[in-house]
Amino acid sequence: MSQSEAGMSGMKSTRIDALFARLRQENRPALVTYFMGGDPDYETSLSVMKALPEAGSDIIELGMPFSDPMADGAAIQAAGLRSLKGGQTLAKTLKMAEEFRRGNDTTPIVMMGYYNPIYIYGVDRFLADARAAGIDGFIVVDLPPEMDEELCIPALKAGLSFIRLATPTTDDKRLPKVLENTSGFVYYVSMTGITGSALADTTKVSEAVNRIKRHTDLPVCVGFGVKTAAQAKAIGASADGVVVGTAIVNAVANVLGSDGKTTADPAEAVATLVRGLAQGVREARLAPAE
Amino acid sequence: MNKPIEPNSFRTGPDEQGMFGIFGGRFVAETLMPLILDLEKHWNEAKTDPAFQAELQALSTHYAGRPSKLYFAENLTRHLGGAKIYFKREDLNHTGSHKINNCLGQILLAKRMGKTRIIAETGAGQHGVASATVSARFNFPCVVYMGATDVERQKPNVFRMKLLGAEVNAVNSGHGTLKDAMNEALRDWVTNVENTYYLIGTAAGPHPYPELVREFQSVIGKEAREQIVEQEGRLPDVIIAAVGGGSNAIGIFHPFLDDKNVEIIGVEAGGRGLDGIEHCASMNAGRPGVLHGNRTYLLQNDDGQILDGHSISAGLDYPGVGPEHSWLRDTGRVKYVPILDDEALEAFKLTTKLEGIIPALESAHAIAQAVKTAPTMGKDQIMIVNLSGRGDKDVHTVAKMMDMEI
Ligand SMILES: Cc1ncc(COP(=O)(O)O)c(C=O)c1O
Numbered sequence: 001m002s003q004s005e006a007g008m009s010g011m012k013s014t015r016i017d018a019l020f021a022r023l024r025q026e027n028r029p030a031l032v033t034y035f036m037g038g039d040p041d042y043e044t045s046l047s048v049m050k051a052l053p054e055a056g057s058d059i060i061e062l063g064m065p066f067s068d069p070m071a072d073g074a075a076i077q078a079a080g081l082r083s084l085k086g087g088q089t090l091a092k093t094l095k096m097a098e099e100f101r102r103g104n105d106t107t108p109i110v111m112m113g114y115y116n117p118i119y120i121y122g123v124d125r126f127l128a129d130a131r132a133a134g135i136d137g138f139i140v141v142d143l144p145p146e147m148d149e150e151l152c153i154p155a156l157k158a159g160l161s162f163i164r165l166a167t168p169t170t171d172d173k174r175l176p177k178v179l180e181n182t183s184g185f186v187y188y189v190s191m192t193g194i195t196g197s198a199l200a201d202t203t204k205v206s207e208a209v210n211r212i213k214r215h216t217d218l219p220v221c222v223g224f225g226v227k228t229a230a231q232a233k234a235i236g237a238s239a240d241g242v243v244v245g246t247a248i249v250n251a252v253a254n255v256l257g258s259d260g261k262t263t264a265d266p267a268e269a270v271a272t273l274v275r276g277l278a279q280g281v282r283e284a285r286l287a288p289a290e
Numbered sequence: 001m002n003k004p005i006e007p008n009s010f011r012t013g014p015d016e017q018g019m020f021g022i023f024g025g026r027f028v029a030e031t032l033m034p035l036i037l038d039l040e041k042h043w044n045e046a047k048t049d050p051a052f053q054a055e056l057q058a059l060s061t062h063y064a065g066r067p068s069k070l071y072f073a074e075n076l077t078r079h080l081g082g083a084k085i086y087f088k089r090e091d092l093n094h095t096g097s098h099k100i101n102n103c104l105g106q107i108l109l110a111k112r113m114g115k116t117r118i119i120a121e122t123g124a125g126q127h128g129v130a131s132a133t134v135s136a137r138f139n140f141p142c143v144v145y146m147g148a149t150d151v152e153r154q155k156p157n158v159f160r161m162k163l164l165g166a167e168v169n170a171v172n173s174g175h176g177t178l179k180d181a182m183n184e185a186l187r188d189w190v191t192n193v194e195n196t197y198y199l200i201g202t203a204a205g206p207h208p209y210p211e212l213v214r215e216f217q218s219v220i221g222k223e224a225r226e227q228i229v230e231q232e233g234r235l236p237d238v239i240i241a242a243v244g245g246g247s248n249a250i251g252i253f254h255p256f257l258d259d260k261n262v263e264i265i266g267v268e269a270g271g272r273g274l275d276g277i278e279h280c281a282s283m284n285a286g287r288p289g290v291l292h293g294n295r296t297y298l299l300q301n302d303d304g305q306i307l308d309g310h311s312i313s314a315g316l317d318y319p320g321v322g323p324e325h326s327w328l329r330d331t332g333r334v335k336y337v338p339i340l341d342d343e344a345l346e347a348f349k350l351t352t353k354l355e356g357i358i359p360a361l362e363s364a365h366a367i368a369q370a371v372k373t374a375p376t377m378g379k380d381q382i383m384i385v386n387l388s389g390r391g392d393k394d395v396h397t398v399a400k401m402m403d404m405e406i
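Protein sequence lines, in the order shown, are assigned to chains S and D. Quick note: the first sequence, position 96, residue 96 per UniProt numbering, numbers continuous. Quick note: the second sequence, position 370, residue 370 per UniProt numbering, numbers continuous.
Hint data in this document are derived by calculation from the structure and do not stem from the laboratory. Worth double-checking, as some hints may not be accurate.
Okay, derived cross-link-like pairs now, EDC-like style, lysine to aspartate or glutamate, Cα gap no bigger than 20 angstroms in a straight line [said to hold, decoys possible]: (1) S:LYS177 <-> D:GLU16; (2) D:LYS349 <-> D:GLU74; (3) S:LYS85 <-> D:ASP303; (4) D:LYS115 <-> S:ASP171; (5) D:LYS41 <-> S:GLU146; (6) S:LYS85 <-> S:ASP259; (7) D:LYS41 <-> S:ASP172.
Produce the entire structure from the sequences given, and follow the hints as far as they go.
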């Protein structure tokens, strides 16, 4: 029995499960796109979110801004600060998901960020509101399995997925603990480092993906360092999904002038990038692996 | 907030999960988790290893200059006209503050773990200097993260670190203070987790740091206890220490926590007053939240975004506090009070003139509380103030506050 079944017993199939079932048939990896909710303001950001699935994104990671993002590089730090300066709050990020859901009931939305804003919002209230907004799961960077009582267990009880990060330092001995309460998919962090760093050796990444797959039936998505269609294609050969974040956040930043006003349409800038990445994941399994 | 039930002893924490009541824990990225568990394992072995303790003891004595003196501040006592005031002279330690106690302990742990590179965060630069010092002594490369604002206001210490061979990286995010330095140090650690030891400078961060830093700093309180009994024949009535992250304070408090008759006061940076956001009094004006690996009192807004805070003293300019202090606050065992920038500055000048001791601005916060409390006490009563460091590093800041050029 997979962990997702354990966590979701009695639940109907989730959007995440349905997506991966479909992609297995298509024999291609998922394109998972991260963007920062509220960057540079609510309306612009919502337009970016809406553009993502149309351009070929399969799963949306909705970034929750935090003042002190200790696992993020300069690009996502700056995006978070722009968003907070633009008045974003956790309540607004939830509202953004809700507005998006009115026009799209299939693309999974995973909220990603840090624990403190959720803790202050109140875990029970947050889970109830997230469910109502059509959220599918969470990735919370600073909640390792040792802290599962905080949010992971309550989230699973509420029928929402808790997607855990596995990293190069998560060895075989520790993997079962990391996977125990994971559901939806596993997020493999391709390197020891922060977001926005250079991509790790792809051979090593695929070895790691295979290692994790020996421990779980859940899909394994790989993130940190993937910026181009070629990289998405290379990583997607072995991974069930490819996560792109910094490149998308940069696409927004690149069309902001020094005064913070947009110089071109951020949604279109992001869509152009995502179309290329979507092409990449669609080619990942066409050529025989080198 | 419900007051937790009073425990039989205040000295048994943390529990196995690293919790002091609801505070503490291990809120870190998965990348760091295996390392933190490894650190815990090595720490548990080291704390009961006589060889480790002997090496630390020898270094404390011959390198750091321990025990530090317990000095009767006769002139200040007479001036205030109340309780007898003693200074625990951590300013006399090698490198000029209590920070060396922790650094010696942790560098031995780093060695034991086979790490080859040291990183540290610093606010006032005292921890940076102490880290650079032990790194030089034990031949480790050392990288210190320091907020850009602090680099500016603690110039002498920046130069000392560089002389000692450390690389000092100025951090520009946020207000460029201790919180930002800690974020950047954590980013370095996540990136270089295989070979790097993160030498945290205060009794905060993920478990086991709050415990191990406390243990390395508890030498202050253990000595003070013996010294006051030797000099006065009894325990003190009041103990006062300044609280930044809380390492000097927990160091002097911990051995006295179960002595019910000893009143314990921690002093937070009140900055320009608690009404606005220009202070660092997390336990007086903040609420519990999660940052830098632990749950503790934090200055934050209603959305859980951390505020920058302000203090004249770089070492107290941090929006959080070590988790054990949060617990001691909620249980009521320790009282935490704010002292304003101006009050600290007055205490700085007073101590310099009356005692011929230039205290660190951090320590001056503790002295400022003594200035308030001592006159309310009887002449036969006894107070110990932790003089956590010397003020040489602060002369630029003080000159600026006094509109003077140096
Ligand atoms: C002399 C001195 N005292 C106190 C502090 C505050 O730190 P802590 O609360 O950890 O003792 C510092 C920090 O830099 C310091 O340099």
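**Prompt:** Taking only the CA atoms, is the gap from LYS115 (chain D) to ASP171 (chain S) under or equal to 20 angstroms?
**Reply:** holds, 19 angstroms
**Request:** Assess, step by step, whether the Cα of LYS85 (chain S) is no farther than 20 angstroms from the Cα of ASP303 (chain D), and give holds or violated.
**Result:** holds, 13 angstroms
**Message:** Can you confirm whether the C-alpha distance between LYS41 (chain D) and ASP172 (chain S) stays at or below 20 angstroms?
**Reply:** holds, 19 angstroms
**Request:** Starting from LYS85 (chain S), check that the Cα of ASP259 (chain S) is at most 20 angstroms away, please.
**Result:** holds, 13 angstroms
**Asked** Does the alpha-carbon distance linking LYS41 (chain D) and GLU146 (chain S) stay inside the 20 angstroms limit?
**Response** Holds - the C-alpha atoms of GLU146 (chain S) and LYS41 (chain D) are around 16 angstroms apart, at most 20 angstroms.
**Asked** If you draw a straight line from the CA of LYS177 (chain S) to the CA of GLU16 (chain D), is it 20 angstroms or shorter?
**Response** With Cα atoms ~17 angstroms apart, LYS177 (chain S) and GLU16 (chain D) stay inside 20 angstroms; holds.
**Asked** Between LYS349 (chain D) and GLU74 (chain D), does the CA-CA distance stay at or below 20 angstroms?
**Response** Status holds; Cα separation ~16 angstroms.
No hint from the list above goes unmet by this structure.
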